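There are 2 protein chains.
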Amino acid sequence: MNSKLTFTAVFLVLACVVLRTSAQEKIEQWGRFEITLTDATAQNPFTDVELTAIFTCGEESVTVTGFYDGNNRYKIRFMPQTIGTWEYVTRSNLPGLSGLTGELECVPAAGRNNGMVQVHHTYDFRYADQTPYYPFGTTMYAFLHPDTEREEQTLRTLAQSPFNKIRICLFPKTYEYNNDEPRYFPYREVEGAVPYSGRRAVWDFSRFDPDFFAHLERRIDDLGRLGIECDLILFHPYDEGYFGFDRMSRDNDLRYVKYVVARLSSFRNVWWSLANEWDLLRQKTREDWIEILETVAQSDPYGHLLSIHNGKVYFDYYHPLITHCSIQNESACEEFGRAGLIKDCYRKPVVFDEICYEGNFPNRWGSLSGQEMTYRFWQAALVGTYATHGETFSSDDHIAWTEKGAVLRGEGAPRIGFLRGIIEQTGPLTIIDNWRYPNFSRGSNGQVVIYLGKESPQEWSFMVPTRTRWADGTKVKVQLVDTWNMTITDVADEFVTKRGQYEINDREMKTVQLPGHPYMALMLTPEPAEE
Amino acid sequence: MNSKLTFTAVFLVLACVVLRTSAQEKIEQWGRFEITLTDATAQNPFTDVELTAIFTCGEESVTVTGFYDGNNRYKIRFMPQTIGTWEYVTRSNLPGLSGLTGELECVPAAGRNNGMVQVHHTYDFRYADQTPYYPFGTTMYAFLHPDTEREEQTLRTLAQSPFNKIRICLFPKTYEYNNDEPRYFPYREVEGAVPYSGRRAVWDFSRFDPDFFAHLERRIDDLGRLGIECDLILFHPYDEGYFGFDRMSRDNDLRYVKYVVARLSSFRNVWWSLANEWDLLRQKTREDWIEILETVAQSDPYGHLLSIHNGKVYFDYYHPLITHCSIQNESACEEFGRAGLIKDCYRKPVVFDEICYEGNFPNRWGSLSGQEMTYRFWQAALVGTYATHGETFSSDDHIAWTEKGAVLRGEGAPRIGFLRGIIEQTGPLTIIDNWRYPNFSRGSNGQVVIYLGKESPQEWSFMVPTRTRWADGTKVKVQLVDTWNMTITDVADEFVTKRGQYEINDREMKTVQLPGHPYMALMLTPEPAEE
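Protein chains in written order, with my numbering: chain A, 5 to 535; chain B, 5 to 535.
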């Protein structure tokens with residue numbers, strides 16, 4: 005195959021042209037500009053060719069790396085972040101690819117394009133255009149690896165779902181509940197080579213399969229059109245050597261992440277998740293992960309969100325290149341007073357990217373009730389962190405959403421949507437007095453949210469912690485939130501505050517009648533005190 | 005005063021002699037060797053003189069910094085950590101102090117000298133001689149600042165107490181419950197200068213008062229003789245500018261910590277606590293603290309334990325120079341499943357150096373019951389972290405132990421001693437299955453400790469999590485631990501294990517009768533299964 009390619013190259017060596025780009029092409033801010041170049045002179049275009057382009061707009065300059073896309077074609081992609089005219093010039097060790105110039109016009113974004121999601125105010129996220137972003141994610145490890153029909157069905161389901169983030173694996177899984185043969189592989193096989201017993205194939209780790217990546221890219225754009233961020237998992241342990249992508253050499257690991265970042269960093273809705281359950285990838289050390297982390301960060305000219313997900317042992321989330329905590333913890337969202345401890349330790353946004361799944365699996369991690377899933381989302385949101393959903397219902401005609409997608413069966417998803425609506429109204433929540441009142445939070449808009457969790461009281465005496473700092477005489481409107489039945493009911497009474505040492509009460513000690521079932525919350529809106 | 009000193013110096017300039025050290029003085033390993041030199045040539049001996057000594061034993065070499073001790077005397081102290089003959093040579097910018105040589109013989113330690121406490125196995129501590137050390141500390145901010153009689157009384161109380169660590173402030177406090185005028189100050193006053201309104205004095209921050217430090221050192225040695233580690237708090241916010249030690253310039257801060265470390269690093273029972281409630285010292289930024297941290301670490305040739313205590317906001321405990329987490333949290337030890345989250349985040353030993361105090365103060369932080377104080381110690385120990393005690397009883401004849409010492413009044417202290425005895429038997433505890441069974445721990449000796457906390461069950465069905473990994477048929481001895489009444493009772497029944505998916509039970513489903521009151525624990529000791 006190598007020799008055939010070289011032979012063909014002789015005839016194509018002079019045919020270097022720039023395709024698909026015209027002078028002053030208009031590209032939306034945070035959109036994607038792409039140059040396609042052809043050149044047939046490289047022995048192995050994946051490994052032998054260095055190709056970059058410098059894009060310049062006024063004093064701003066961004067260097068991006070190109071990549072080989074098969075059939076003698078090279079691509080350079082660029083996501084302009086500043087409106088105006090950008091000029092570029094290419095650089096390459098192949099003379100035919102070097103010194104090419106052109107320009108594009110970056111124009112204001114429109115429609116569902118708010119730019120990349122970034123960290124905001126230590127613990128939160130927002131889009132580049134300053135629109136707030138609250139991650140309400142779901143998990144579908146093998147979204148990319150079943151058949152096209154199921155992918156389309158999954159996208160239709162997502163379009164109707166409350167989810168604005170999805171965790172997907174780049175590499176295929178071979179795992180309980182998920183042993184389908186993938187349709188695409190990221191690498192080409194070494195032709196005629198016989199794999200070791202128990203291995204799927206002998207891969208040529210120096211030659212990626214562009215078809216695999218074209219498919220991935222199409223799906224990332226599909227997600228983007230739905231307003232869904234793609235938290236792309238670069239490595240995972242659910243392979244155990246069968247495909248062998250969990251135990252490549254360090255050089256191959258680094259070549260892989262560079263290729264992925266070169267292809268995908270211009271996709272504004274991509275987040276880098278270095279691994280799912282990093283500590284279960286036993287062939288790699290913490291030092292290996294630091295090198296992968298640094299490589300991804302250095303290769304990405306835009307600074308996409310970047311984290312790594314744990315099994316039992318947390319990674320070094322305080323590392324400056326890690327933008328947020330992507331944490332698995334089966335118990336942190338199970339009781340009041342826990343999730344916030346992690347936020348306090350790391351001083352970064354915390355996303356609980358695994359809190360067990362809603363479903364009927366026999367494993368304890370795959371058998372939450374819809375009530376419990378919803379409750380854990382509330383626990384996370386209450387302290388200004390975020391949970392991520394997953395579903396593991398298994399029946400004759402259905403295999404776990406979190407493995408393969410298709411349709412949602414659980415009761416949690418709509419309630420998560422209801423919670424998302426509340427958080428979009430209140431803004432991110434912060435515990436008001438975190439050592440004493442773990443269920444009283446304040447939104448950035450000043451409203452107070454009190455979550456009663458699994459308690460089923462018949463009434464609630466008006467009270468907020470003194471640290472709420474509402475002046476005496478403040479009038480407060482109270483709403484009753486039924487987090488399970490998804491209703492918000494105004495309480496007719498008007499409440500007026502009176503401060504004590506640690507608590508603010510109603511000055512007539514008024515109470516609110518409650519329905520006596522669990523999963524209730526109260527939303528309090530203060531009105532300016534009269535003069 | 006300056007000019008008088010200079011005048012005297014003219015007559016003493018040639019009288020440089022080495023005092024109090026003879027050839028081959030014998031010093032215990034981790035003991036203290038001291039050289040005294042005299043020289044009267046310096047204008048300001050605190051700021052103008054550089055003095056170090058290089059101690060060498062075979063291939064090992066340690067450079068220590070000397071300090072000015074008043075009356076034209078300079079001292080160099082050294083803590084040998086290796087047995088053998090050490091030779092030294094001094095270096096100074098004062099010719100009379102430079103190039104002096106001598107030697108000492110480091111001999112094996114005896115008695116209560118186990119060396120410095122250091123971090124062991126990520127989460128634990130041990131002495132340099134490998135003896136385990138489990139911190140059971142107490143707090144007495146103004147130990148140094150009342151009268152001598154009370155200091156002596158405090159030492160007698162400590163000698164009878166379970167505590168092996170004490171947190172004390174170097175600087176005096178001026179604070180609610182603690183406004184006594186100190187007897188010693190760390191600095192000399194500028195004679196005749198009139199302080200601003202509200203200030204205690206005008207200090208000459210370039211001239212320390214050696215009497216203050218001699219007093220401190222005597223007390224640190226007193227504590228050492230009792231086997232008590234001295235967690236020395238270098239800065240604190242309980243001053244509000246009255247003494248002004250909370251708002252010195254950065255240069256003065258750094259000169260201060262260098263002087264303290266030069267004087268005290270040869271004391272094996274000293275730990276550096278950069279601050280109490282660092283985040284309430286509002287004149288300093290995180291960057292200031294990092295510089296103080298680096299200065300202390302660089303000045304200390306032995307690597308004493310080094311941390312910083314928080315108010316509401318944690319410091320960067322993951323910083324490589326911070327040896328362990330010294331954390332205030334009023335709620336982390338209040339419920340199962342919390343304290344361990346912090347340990348998992350930082351991957352360092354965690355000492356909860358403030359969990360509220362046992363007492364009758366009107367503040368919520370100073371009014372724990374003895375039961376609650378004991379309970380919190382158990383919560384900390386159960387997850388392999390450690391709590392620190394404090395007492396805030398106030399009456400006509402008694403002011404808070406945690407402010408001024410004297411006598412202990414609380415009910416917690418003896419129960420803390422009882423717990424210490426159990427941990428010394430089991431070794432440090434680790435939660436067996438931390439996301440599911442937050443009250444089941446295993447000691448490093450293989451025993452399982454189950455803490456029932458505030459629950460008052462009448463009986464307990466034999467059960468441990470499967471991750472305990474006890475084989476089927478293992479015989480287990482059960483002991484009932486009454487953590488409040490301080491009794492350990494053997495259960496007559498013999499239990500034999502049978503494994504399920506997540507739990508190991510007794511194969512006959514035997515139960516243990518419990519007394520029906522709270523604060524009980526069970527201690528399980530497996531015997532090797534018969535062949």
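Because the hints were derived from the structure by calculation, they are not lab data. Since this is a predicted model, take the numbers as computed values, not measurements. Take the hints with a grain of salt, since some may be wrong.
In silico lysine-lysine, BS3-like type, Cα no more than 30 Å apart, as pairs [to be verified]:
#	chain 1	residue 1	chain 2	residue 2
1	B	30	A	316
2	A	316	B	262
3	B	479	B	514
4	B	458	A	352
5	A	316	B	79
6	A	502	A	481
7	A	502	B	458
8	A	352	B	316
9	A	262	A	352
10	B	514	B	458
Results of checking the hints against the structure:
1. B/30 to A/316: The given pair, whose Cα atoms are some 51 Å apart, is violated under the 30 Å limit.
2. A/316 to B/262: With Cα atoms ~41 Å apart, residue 316 of chain A and residue 262 of chain B exceed 30 Å; violated.
3. B/479 to B/514: holds, 13 Å
4. B/458 to A/352: Violated, at roughly 34 Å.
5. A/316 to B/79: Measuring from Cα to Cα gives roughly 51 Å; hence the hint is violated.
6. A/502 to A/481: Holds, at roughly 15 Å.
7. A/502 to B/458: violated, 33 Å
8. A/352 to B/316: holds, 16 Å
9. A/262 to A/352: Since the Cα atoms of residue 262 of chain A and residue 352 of chain A sit roughly 26 Å apart, the hinted pair holds (cutoff 30 Å).
10. B/514 to B/458: holds, 23 Å
Against the hints set out earlier in the document, violations occur for numbers 1, 2, 4, 5, 7.
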